[in-house]
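Trainee: Sequence:
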Amino acid sequence: MRWSTMHIPTLREDPAEAGAPSHRLLLRAGYIRQLYAGHYSLLPLAVRVRLKVIGVIREEMNRIGAQEILMPVMHPAEVWQRSGRWYAIGDEMFRLKDRKGADLVLGMTHEETVTTLASELNSYRELPKSLYQFQTKLRDEARPKAGLMRTREFTMKDSYSFDLDAAGLDKSFDLHYEAYSRSFARMGIPAIPAEASNGAMGGSGSIEFVCPAESGEDDVVHCPNCGYAGNAEKATSTLPPADAAADAAAAADAPERFDTPGVRTIEDLARDYDAPGDRQLKTLVYVLGGELTLVLVRGDHALEEQKLIDATGKADARPATAEEIFAALGAHPGSLGAVGVTDLPVIADEALRGRSGMVTGANTDDVHVRGVDVARDIAVGTWADLRAAQAGESCVRCGSPLEVVKGIEVGHIFKLGTKYTDAFELSVSGPDGKPARPVMGCYGIGVERAMAACIEVHHDDKGIAWPASIAPFEAVVVVAQQNNAEVAEKGEQVYRGLADAGVDVIIDDREVRAGVKFSDAELVGIPFRVTIGKRGLAAGTAEVTDRATGETAEVPFDQVPKHVREAVAAAISLS
RNA sequence: CGGGCUGUAGCGCAGCUUGGCUAGCGCGCGUGCUUUGGGUGCACGAGGUCGCGGGUUCGAGUCCCGCCAGCCCGACCA
Numbered sequence: 001m002r003w004s005t006m007h008i009p010t011l012r013e014d015p016a017e018a019g020a021p022s023h024r025l026l027l028r029a030g031y032i033r034q035l036y037a038g039h040y041s042l043l044p045l046a047v048r049v050r051l052k053v054i055g056v057i058r059e060e061m062n063r064i065g066a067q068e069i070l071m072p073v074m075h076p077a078e079v080w081q082r083s084g085r086w087y088a089i090g091d092e093m094f095r096l097k098d099r100k101g102a103d104l105v106l107g108m109t110h111e112e113t114v115t116t117l118a119s120e121l122n123s124y125r126e127l128p129k130s131l132y133q134f135q136t137k138l139r140d141e142a143r144p145k146a147g148l149m150r151t152r153e154f155t156m157k158d159s160y161s162f163d164l165d166a167a168g169l170d171k172s173f174d175l176h177y178e179a180y181s182r183s184f185a186r187m188g189i190p191a192i193p194a195e196a197s198n199g200a201m202g203g204s205g206s207i208e209f210v211c212p213a214e215s216g217e218d219d220v221v222h223c224p225n226c227g228y229a230g231n232a233e234k235a236t237s238t239l240p241p242a243d244a245a246a247d248a249a250a251a252a253d254a255p256e257r258f259d260t261p262g263v264r265t266i267e268d269l270a271r272d273y274d275a276p277g278d279r280q281l282k283t284l285v286y287v288l289g290g291e292l293t294l295v296l297v298r299g300d301h302a303l304e305e306q307k308l309i310d311a312t313g314k315a316d317a318r319p320a321t322a323e324e325i326f327a328a329l330g331a332h333p334g335s336l337g338a339v340g341v342t343d344l345p346v347i348a349d350e351a352l353r354g355r356s357g358m359v360t361g362a363n364t365d366d367v368h369v370r371g372v373d374v375a376r377d378i379a380v381g382t383w384a385d386l387r388a389a390q391a392g393e394s395c396v397r398c399g400s401p402l403e404v405v406k407g408i409e410v411g412h413i414f415k416l417g418t419k420y421t422d423a424f425e426l427s428v429s430g431p432d433g434k435p436a437r438p439v440m441g442c443y444g445i446g447v448e449r450a451m452a453a454c455i456e457v458h459h460d461d462k463g464i465a466w467p468a469s470i471a472p473f474e475a476v477v478v479v480a481q482q483n484n485a486e487v488a489e490k491g492e493q494v495y496r497g498l499a500d501a502g503v504d505v506i507i508d509d510r511e512v513r514a515g516v517k518f519s520d521a522e523l524v525g526i527p528f529r530v531t532i533g534k535r536g537l538a539a540g541t542a543e544v545t546d547r548a549t550g551e552t553a554e555v556p557f558d559q560v561p562k563h564v565r566e567a568v569a570a571a572i573s574l575s
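Under the numbering used here, the first residue of the first sequence carries the number 1, and numbering increases by one thereafter.
Incorrect hints may have been included.
[Stated by the list, open to error] Heads up, simulated SDA-like pairs for lysine to any residue below, C-alpha to C-alpha not over 20 Å straight-line:
| hint | residue 1 | residue 2 |
| --- | --- | --- |
| 1 | Lys462 | Leu11 |
| 2 | Lys97 | His75 |
| 3 | Lys419 | Glu78 |
| 4 | Lys419 | Leu131 |
| 5 | Lys434 | Leu121 |
| 6 | Lys171 | Gln67 |
| 7 | Lys171 | Gly430 |
No lab work stands behind these hints: they were computed from the structure.
Start from the sequences, fold in the hints, and give me the full structure.
Mentor: Following this line, the structure appears as structure tokens:
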């Protein structure tokens with residue numbers, strides 16, 4: 001490939017609209033251009049990287065025995081109606097009508113479609129089976145952002161496993177876990193596997209792969225000591241046991257009301273009434289599945305909404321409005337409590353179990369109660385882990401202090417169960433001759449997002465520094481003096497030598513100053529730069545420079561192909 | 001969907017507050033000379049429905065109203 005003929009529109013200045021490093025660099029280095037919000041054209045360099053990412057994932061999927069297919073982007077509404085998601089999903093699904101007026105869906109994922117294919121599985125002997133594809137997904141994201149990080153149109157590698165039973169699903173799940181771990185490692189993406197909420201996908205378990213990055217949207221609770229990790233929506237931590245003596249000291253025979261004029265917050269109460277946050281009950285009011293519900297957490301804890309949803313199975317959760325609250329409890333937020341409340345469901349966080357001597361609102365403005373014994377005074381209907389784990393709390397596995405890191409969700413694997421095989425009434429003949437319902441798993445990797453995540457991790461002030469495994473080219477031959485016939489010819493020779501040695505190489509044969517070529521090579525992020533110039537010509541050497549480290553080696557011309565090929569191989573095996 | 005901000009040449013911006021002759025600057029682009037291993041220097045040149053629509057005015061890039069688009073924060077995110 002020749003730089004002089006390739007479309008690589010690099011920009012000298014940073015584009016104004018780009019915030020995240022990957023967004024800025026993808027634009028500036030000539031990889032992508034925006035058509036409109038959330039929709040990007042991939043230019044030649046990006047297409048090359050995308051194909052390499054796909055290549056890595058494809059190898060790893062094939063390695064675990066998955067088979068590649070390709071399903072349509074556009075689906076009849078019927079299959080989505082059959083699974084129920086036609087009704088369950090809101091504005092995020094693109095819907096349209098064809099000329100006959102038939103309802104159609106632009107696929108945001110392919111569980112329905114693959115399950116219709118799987119109807120041709122007839123016997124347990126055909127299981128397990130994993131099918132995968134690289135296909136465009138369309139999602140009407142409320143807020144596309146950060147370039148390729150969050151778009152409305154993107155490529156996803158999605159795979160779907162079918163097994164005879166739960167044990168089989170576990171195995172397929174583990175195989176995908178391995179394939180994902182290997183894929184991300186090969187692409188130089190330091191993805192942390194984190195326990196995650198299944199969310200609306202349902203099913204019995206899920207792990208998301210999170211690449212730590214400032215620009216990420218996920219919070220992951222992570223133990224640097226033992227490696228435990230969980231999405232904030234799911235992660236737990238160990239708390240020190242409550243101080244029984246202190247509880248006893250604050251306890252009372254019955255809850256005791258006391259006036260707290262002007263007190264609205266946990267902090268007010270802690271400061272003015274000797275009630276530290278961990279001695280308070282925080283009473284939140286939610287509308288869960290249309291029903292007003294009291295949610296209790298410790299005063300110094302934060303509710304994790306997803307845990308509330310997971311614990312109750314009610315996906316339509318929202319905080320109640322001040323009006324709804326006043327109508328039900330007769331008080332405003334700041335003076336709410338669950339003591340004596342029997343007409344509303346109460347769900348409480350596990351950290352409150354067994355506590356006594358607690359302080360909470362009295363459901364009268366400017367009045368609180370103390371000496372509350374949770375077991376005695378509150379009609380808790382459901383106990384659950386509801387609080388958000390926080391940095392500094394103890395790891396549930398090893399007890400070390402946890403940290404909270406921001407990251408990008410680059411992959412997610414789910415145990416689905418039989419939600420879709422039930423809906424489509426899929427069955428195979430089991431070993432006993434009776435019908436058996438296959439259990440499914442689904443597994444996704446965002447291809448362009450993985451590219452963005454990789455850049456977030458591999459860049460510096462000069463530009464991108466791709467891992468060799470997915471770089472658009474492995475090496476660039478820079479002809480330092482294009483107008484010097486001897487230098488130009490030597491550049492061509494070295495270029496051919498590298499190509500013949502199997503190196504994915506581009507020659508920068510443009511009639512521009514050497515400085516421009518150096519800057520562009522660094523901006524674009526090609527791992528190895530082979531510089532041919534007058535200096536080296538006399539000595540019979542080229543300079544081979546490592547993009548990531550900046551280290552340069554003088555290499556005799558005839559050894560350049562071998563040297564670079566080995567350097568590339570080493571770089572690829574490293575990751 | 002709520003809050004904030006921004007739309008002027010391919011990119012980055014000034015001009016708007018206080019309306020006024022032909023709308024400017026830097027980068028990039030073209031031509032020529034120059035320079036030649038870290039985005040050279042000089043000269044000449046091309047490139048604009050000032051986001052769109054309406055209004056006020058003798059006159060609107062500038063003031064007013066409406067709309068659209070984009071960015072950031074939040075909500076949302078199967």
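Trainee: List, from low to high, the hint numbers that the structure doesn't satisfy.
Mentor: No numbers; nothing is violated.
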